[in-house]
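The residues making up each chain are set out below.
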Amino acid sequence: MEEKGKKSLLRAVIGTGAGLLNGLFGSGGGALVVPASRRFLGVNAHEAHASAIAVMLPMTAVSAVFYAVRTRPDIWQVLIVSVGGLAGGFLGAKLLPKLPPLALRRIFGVFIIAAAIKMIL
Amino acid sequence: MMEIALLLGIGLAAGAAAGLGVGGGALLIPGLTIFLGMDQRMAQGINLLYFIPTAVIAVITHIKNGKINKELVKGLIFYGLAGAGAGAFLALSVKQEALRTLFGYFLLLVGMYELFGKADNKDDALSRKEQKNTLE
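Residue numbers (the numbering used here), protein chains in the order written: chain A, 1 to 121; chain B, 1001 to 1136.
These are computed hints drawn from the structure, not numbers from a lab.
Among these hints, one or two may not hold up.
As the list claims (entries may be wrong) - What follows is a list of derived Cβ distance ranges for each label pair:
hint	chain 1	residue 1	chain 2	residue 2	range
1	A	V69	B	G1037	18 to 24 Å
2	A	I75	B	G1037	34 to 40 Å
3	A	V13	B	M1112	31 to 37 Å
4	A	I75	B	K1118	14 to 20 Å
5	A	G5	B	P1053	35 to 41 Å
6	A	D74	B	Y1105	48 to 54 Å
7	B	P1053	A	L95	20 to 26 Å
8	A	V13	B	T1101	24 to 30 Å
9	B	T1101	A	R72	20 to 26 Å
10	A	G42	B	N1065	27 to 33 Å
11	B	F1089	A	L91	19 to 25 Å
12	B	V1056	A	K7	16 to 22 Å
13	B	E1071	A	L79	20 to 26 Å
Stated by the list, open to error - According to the in silico footprint, chain A covers these stretches of chain B (three or more CB under 8 Å from chain A):
hint	region
14	1030-1043
15	1105-1111
Stated by the list, open to error - Here chain B is said to cover these stretches of chain A; the calculated rule only asks that three of the stretch's residues, wherever they fall, bring their Cβ under 8 Å from a Cβ of chain B:
hint	region
16	6-12
17	22-28
18	32-43
19	46-59
20	67-80
21	91-104
In this text, a Cβ means the ideal position worked out from N, Cα and C, and glycines have one as well.
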C-alpha cells in the first residue's frame, strides 16, 4: 500500500514537472519524462520513449492553444518549419546510424551551449 | 526567400537532431530567435505546433505496436495537463526578454548534459530504432 502511494506521488511530480517545463519553455517535457520514468517508475527504455510521446502530445496541444491565441503565429512559417522538420527526421533516420553517436552529441552540445550564451547575454 | 530557406534549414536541423535524442526544440527555438529575430514566445509556440504532427504519427505507430504503457500514461496525464496549462500561462505572463534569458539558462544545462553527459549507447540505438520504426 505504501509502495503504491509512493508511486502515485512520483507520477504526480513527474507529470506536473514535465507539463510545467514544456509549457514554460515550449520544449523539454519529454527530456524529463523518459529518464524519470525509467529511474523512478521502473519503466523500460522502449516503453518510456513510446509512452512519453503519448503523454507529451495532449500536453503540447494544451500549451500550444495558449501560445497560439496569444502570439498568433504565421501559419506559413509553421508549415515551412514543419516540412523541414519532417525531411530532417527522414534524413536523420537514414544518416545518423552511420555516424558516431557520442561525437554527434558532443558537437550538438557545443552548438547548444553557444546558442544558450547568445540568448543569456 | 531568405526567410523560407532559413525556416526550412532550421526545421531540417531540428528534425534530424530529434533522432539523436536531443530534443528538436533545443535547436529550433534558438534558431528562430537568433537567425530570424523572432520573439521568444512566438518561437516556443511554433516549436509546440511543430511537435504535434510528428507526435501524432509516432503515437499511432506505438499504439499499433503495443509499446505504450497505459498505466504510466494514465498516471501522468492529469498532472501533465494541469502543468502544461500553468506553464504556458506563466510563459505568456512574463516579459519576453526575461523568458528568453531563463530559456537560455535552461538551454545551457541541456548543452552541458550533451557535452559532458555519460554515453548511453543502448539508449541511442533504441531511440534510433524507434525513430526508424516511426518514420518507415
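Outcome of the hint check:
1. V69(A) with G1037(B): 18 to 24 Å: Given a distance of about 23 Å, which is inside 18 to 24 Å, the answer is holds.
2. I75(A) with G1037(B): 34 to 40 Å: 19 Å, violated
3. V13(A) with M1112(B): 31 to 37 Å: Since the Cβ atoms of V13(A) and M1112(B) sit about 23 Å apart, the hinted range of 31 to 37 Å is violated.
4. I75(A) with K1118(B): 14 to 20 Å: 41 Å, violated
5. G5(A) with P1053(B): 35 to 41 Å: The hint (35 to 41 Å, Cβ to Cβ) holds, given that G5(A) and P1053(B) are roughly 38 Å apart.
6. D74(A) with Y1105(B): 48 to 54 Å: 28 Å, violated
7. P1053(B) with L95(A): 20 to 26 Å: With Cβ atoms ~21 Å apart, the hint holds.
8. V13(A) with T1101(B): 24 to 30 Å: Because 26 Å falls inside the window, the suggested range holds.
9. T1101(B) with R72(A): 20 to 26 Å: Hint holds: Cβ distance 24 Å, inside 20 to 26 Å.
10. G42(A) with N1065(B): 27 to 33 Å: Violated - the Cβ-Cβ distance for G42(A) and N1065(B), about 21 Å, lies outside 27 to 33 Å.
11. F1089(B) with L91(A): 19 to 25 Å: The hinted range 19 to 25 Å is violated for F1089(B) and L91(A), with Cβ atoms some 36 Å apart.
12. V1056(B) with K7(A): 16 to 22 Å: At 29 Å between Cβs, range violated.
13. E1071(B) with L79(A): 20 to 26 Å: Violated, at about 36 Å.
14. 1030-1043: As far as the region 1030-1043 of chain B goes, the hint holds, because 9 residues have Cβ atoms under 8 Å from chain A.
15. 1105-1111: That given contact holds, which follows from 6 residues of the region 1105-1111 of chain B lying within Cβ reach (below 8 Å) of chain A.
16. 6-12: The restraint on the region 6-12 of chain A holds, since 4 of its residues have a Cβ under 8 Å from chain B and three suffice.
17. 22-28: As far as the region 22-28 of chain A goes, the hint holds, because 7 residues have Cβ atoms under 8 Å from chain B.
18. 32-43: With 4 residues in contact (Cβ-Cβ under 8 Å with chain B), the coverage given for the region 32-43 of chain A holds.
19. 46-59: That given contact holds, which follows from 13 residues of the region 46-59 of chain A lying within Cβ reach (below 8 Å) of chain B.
20. 67-80: Held - the region 67-80 of chain A has 8 residues with a Cβ nearer than 8 Å to chain B, which meets the minimum of three.
21. 91-104: holds (count 9)
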